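Chemist: Input sequences plus hints: build the corresponding full structure.
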Amino acid sequence: MSKDTTSEHLRAELKSLADTLEEVLNSSTDKSKEELSKLRSKAESALKESRYRLGETGDALAKQTREAAAKADEYVRDNPWTGVGIGAAVGVVLGVLLTRR
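Residue numbering for the sequence shown follows full-length UniProt numbering, beginning at 1 and increasing consecutively.
What the hints contain is simulated information worked out from the structure, not anything from laboratory work. On a predicted model such as this, the values are computed, not experimentally measured, just so you know. One or more of the hints may lead you astray.
[What the hints assert, rightly or not] With a cut-off of at most 16 angstroms between alpha-carbon atoms, the simulated EDC-like pairs for lysine to aspartate or glutamate come out as follows: (1) Lys42 / Glu22; (2) Lys42 / Asp19; (3) Lys15 / Glu49; (4) Lys38 / Glu22; (5) Lys38 / Glu23.
Modeler: So, in structure tokens, the structure goes:
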């Protein structure tokens, strides 16, 4: 699952949860106890589903981060002087940016 796909799934889940909760809040004043109970069950179900999917999304993001870190580590081990050069360049850029303040 790509980062963009994961992000889209996250947005869709949050929107679905927000829509369900909005429905519960907007319709709670003119509903019977039985209808409120059904809406509450629907909201609880949506919340549980969202929590599960958000957990999966978090796991996918963590996996992608670990893979990227492993690739960066492997690259630096294979090309140590390039890694040193990149680190030095980043340090110089940060130094220049910080001294301008």
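Chemist: Hint by hint, which ones does the structure fall short of?
Modeler: Violated hints: none; all satisfied.
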